[in-house]
Amino acid sequence: MAVMSYREALNLALREEMKRDERVFVIGEEVGLYDGAYKVTQGLLKEFGPRRVVDTPIAESGFTGVGVGAAMVGLRPVVEMMTFNFALLALDQIVNSAAKLHYMSGGQFSVPIVIRGPGGPAHQLAAQHSQSMEVYFYHVPGLKVVRPSTPLDAKGLLKSAIRDDNPVIFIESETLYAMKGEVSEDPDFIIPLGQAVVRREGTDVTVIAYMGMMYRAMEAAEELAPEGISVEVVDPRTLRPMDATTIIGSVRKTHRAVVVEAGAGFAGMGSEIAAFVTEHAFDDLDAPVERVTGANAPMPYARNLERAKTPTKERIMEAIRRVCHSGGSEPWR
Amino acid sequence: MAVMSYREALNLALREEMKRDERVFVIGEEVGLYDGAYKVTQGLLKEFGPRRVVDTPIAESGFTGVGVGAAMVGLRPVVEMMTFNFALLALDQIVNSAAKLHYMSGGQFSVPIVIRGPGGPAHQLAAQHSQSMEVYFYHVPGLKVVRPSTPLDAKGLLKSAIRDDNPVIFIESETLYAMKGEVSEDPDFIIPLGQAVVRREGTDVTVIAYMGMMYRAMEAAEELAPEGISVEVVDPRTLRPMDATTIIGSVRKTHRAVVVEAGAGFAGMGSEIAAFVTEHAFDDLDAPVERVTGANAPMPYARNLERAKTPTKERIMEAIRRVCHSGGSEPWR
Amino acid sequence: MTLNIEADLARRLLGDMVLIRRFEEKAAEAYALGKIGGFLHLYIGEEAVAVGATSVLRRDDYAIAAYREHGHCLAKGSDPRRVMAELYGRRDGLCKGKGGSMHLFDASVNFLGGHAIVGAHLPLAAGVGFAIKYRSTDQVIVCYFGEGSVPQGEFHEALNLSALWKLPVIWLCENNRYAMGTAVDRALAQTEIWKYGQVYGIPGESVDGMDVLAIRDVVARAVDRARKDKTPSLIEARTYRFRGHSMRDPAGAVYRSKEEVEREKLRDPIVLFRQRVLEAGLLSAADVRAVEKDVNDRIDDATTFADASPEPPPEWLLTDVYRDGS
Amino acid sequence: MTLNIEADLARRLLGDMVLIRRFEEKAAEAYALGKIGGFLHLYIGEEAVAVGATSVLRRDDYAIAAYREHGHCLAKGSDPRRVMAELYGRRDGLCKGKGGSMHLFDASVNFLGGHAIVGAHLPLAAGVGFAIKYRSTDQVIVCYFGEGSVPQGEFHEALNLSALWKLPVIWLCENNRYAMGTAVDRALAQTEIWKYGQVYGIPGESVDGMDVLAIRDVVARAVDRARKDKTPSLIEARTYRFRGHSMRDPAGAVYRSKEEVEREKLRDPIVLFRQRVLEAGLLSAADVRAVEKDVNDRIDDATTFADASPEPPPEWLLTDVYRDGS
Ligand SMILES: Cc1ncc(C[n+]2csc(CCOP(=O)(O)OP(=O)(O)O)c2C)c(N)n1
Ligand SMILES: Cc1ncc(C[n+]2csc(CCOP(=O)(O)OP(=O)(O)O)c2C)c(N)n1
Ligand SMILES: [Mg+2]
Ligand SMILES: [Mg+2]
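Chains as they are written, first to last, in my numbering: chain L, 100 to 432; chain X, 100 to 432; chain H, 725 to 1050; chain W, 725 to 1050.
In silico DSSO-like links for lysine-lysine, alpha-carbon gap of 27 angstroms or less: (1) H:Lys919 - H:Lys954; (2) H:Lys890 - W:Lys919; (3) H:Lys919 - W:Lys954.
Calculated from the structure, these hints are not laboratory results.
Input sequences plus hints: build the corresponding full structure.
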């Protein structure tokens, strides 16, 4: 174990997997000479050379398709989206090519590709650069979707994603890159996809949250302890496939659930989790599952509006209190 | 009132709105000379000429962007996606341009555009041509999303969509184009966006479904009547904004709800409706909301597998029975 | 006039073209009988392109195409029985019945599909070219596409990447002058497709798409450039589709006249080639009859095979979604 | 040597360029002070392009740009106070503080933004050209874009549509030789951007992007073609960005040398133009001082205004999502 940043953990995962498997290569805008727009690929060009660290022009659909084609014939590309917002330009390649080729070919071809990069809001990047992008992917059969919240998870899950034989959408966060934490340096250490983790044990209510919202939920949990509310926080880590057992298990124990998500609320990840939890733990629920979500608006630039756009600790705490005193749900937004 | 097909109803709506407002024009692949791949725009070129009925090359992102740009400066484009599957190529223009320009410009510009065409499975069109596309749009603030199930709705809702000052995603169905029904010929007749409709009154359970699934739900309802199960069927018609009042009102009355959707189940429209209904009618619910959804797989070509992919009448009936005898929910798929 | 090819080759080229032709005529019948569903896009009239191009490829070279790909798949060497079974949606189909007419894949002959989003398979082809270079083998990939994908952005992205990175890709445009109902001059400000490579320094040539030997020569040169110095090429094969866009579209629809179609049919690549080999005395009438007889047997065999093949088992709906079955 | 322009015009061109320069220098300071957040992309070094081009436009003509658009917006005539307030994210900003530096819009001067997805505003420009033709007015639109969007498919889709439909669009590429850290020759097989229009028959020219008068001339000809016979043009202005890609990127990063940057700074469009007008005796030193004094006052005024403007009220988070407020 060593203390390193989330960014360094990703970098280490890439280096280890590139050393381990000659078929793994990194491709995207500014990943080489520039060492990555967010420095996640720092040093890779120097270490592995231009054959395996490939700078591309701005052509998301083109170079994502290049990755898919290369994967079809046996390579294992790690495609960097400088930010995931730009993946919309490559969505057809991801949804209609990457996700479906294995199925359409009756299992003859597969697409072992990882598409990674930062997603979600950062600091005043405004509407086109601050979107929770997972919503475009986790619905799609054939894709796996990962959102790693800690340096340890970043490393362990990225390694699993690279070793996975299926297309994996791996969405990081600009706001977490600098965060430090304990990370295993064992090259054999991985975290399997599809396993949620309990970040904090509690008995009264289960809060399901990932990335920045998970940390906000942890703060809310701490602040509520004195009020005698014991909060359990579950981080799904992988959104597809989702770890039903851990999430449902926790709710069966606490009898209450709050789902927090940074993105707009309508038809977001929280909808699936809430629906799912209710289906499978209905009789154990003492209150309806609450969703605390981002406002249903594009992301504004102004700092004060931006702050108000995503769920605050206060709103999370209110929601937790509401379910614990099982009142009705917060007005729909 | 006159009896006409869903296709003719759409065609009539287009003709009336083009007559009514000189700024309205139709643009897309094969909409003119070819009279539309599915003949929805039949006769428009002859009647309105090439200035207002514009054939485009295959360049979805390009001609959708043309529509958005034209809308920004005051025209009212109706962009046809030959099938909505191809809208993935234009998704960036829809999500990052059309949906956000009004907000980003602080209300200075708006994008009164309609993007319409058939979506969802048809007959053995296989994985890339049989997707429930609404999932890519209804989450997006700034967009409105319509799925009209009847000829009457097709006409009334398309007219509202064209008159709306916001981008409207209007997803029809190849399997409904030939369906006939009563349609108002009054050019002033419209159906406002955002209003669900009760297709069938019932007292024991509310089934929420649209398009093909709505008709399947109606059949299921008829077959269950003899068993003494009285089913109410609600068709949302507009997915965003969703008509909370009608849906919740019905569930408060029946105390049970089943959501049916053709698309894959994980994180689909059913998730939002189920979560939403549970949040707002939790104490009125005698059973967890059930979701009957398409299998979590791409669409296979083989006829028998294709049939098994989308919810059958039988599966809908089982789900209704389950909630009525409020057993647990169907195994997660 | 003489032809500087061997009789064997003549037999093979003729046989492959006739095989594709008969195969699709049968498929059309089967479609009418409801044995084949969905969209069915026939290649009839364009056979010389796939056959000519494939005839200069090695078996380990790759080919990728759009949704009008029966001909490319068969030319590459796929078993007509399994192709027909796929069109029928049966368990013995190339893709277990999951792909259908628009999504034929055959790993055993390096045929990479079968793609139905216009323009989307071009970046995939560049990716395969990238992988070839990455592994430093001397394979090449031929990417067939219609002129309808030229207005699509991915065409240009793929062209630039192939030139910038020097990828062994042969961009082979089958210009049949129509994208569904849209004549090329209503879709493109420049209708000479081969010229689109010039700005990138990509060698471009146009060729009579009805002349299987001409195609052979042009593609052979391109394959050579690709194998030896990893240079991409852009070839425009001027061809014509004798049938409608798909079975749902009449042959002589509003967008083109019956006369035009009839006139073009006089360029039938099979008729022309048969004439030439006969006139050149390369094959005898008996040879030709033998070729056609053999083809007919194989097609009958294919349909029998497809008819006999059962539906895929219901559980296959949920297999092959993920590689590890997860 | 003499210049065949009026003193007034010289004063205006100089003034506009200096205004943009000072405005951004102030913005950089404000960014350092945390008054401006997010990404801030400076146009410093490229001012001649927007100023030269705008100087031959009518007020009712349209302009659209990417995210490095302060200069284009100011040149088009937006009030520096409201632009600065937008950068500050304040209620009196052009876009009520909702857009920020990358999303400036000003309907009052037909400035259509401010777009941050590389390549995405090109189809919008084609759409505006389409609308102009639809309404048969004689307006034109200038679409500014970086050479970084040339590898992007939408560039080619938009170019083809503008040529196919004859739209009054001036495609004005600001080739500053780098897309973030990527030199143009690492992104494109063809680095002469003006050539990309040739295949479509679009008139193309390259021009010294540091020479405001040269740009004026080239754009004037293109505007004329667009107004008179609705012909699009592709202009490549060869320019250079003196600062980093954004405030987060150092001016002389790994991808280009300090020496190169210093050398390019000798081409400073403002310094060069000032020299020329002085040498030509078109303006006196005093005139120039007056111009600069006036600009400085306006910039001070702008920052004072922005500082004084309050944050947008919280309820604005949910306004302007839909036109009818629904
Ligand atoms: C992105 C996309 N847009 C539209 C379609 C519908 N479509 C299918 S084939 C076709 C015409 C393609 O023409 P071309 O590329 O010339 O190939 P051809 O059919 O002539 O062989 C169109 C518009 C599609 N499949 N994909
Ligand atoms: C589609 C897309 N991909 C990537 C980015 C990230 N990005 C922002 S600016 C930029 C470079 C653009 O360079 P250029 O077009 O030359 O404009 P310049 O910055 O030189 O003015 C990149 C890659 C983006 N905004 N959009
Ligand atoms: Mg064609
Ligand atoms: Mg640049």
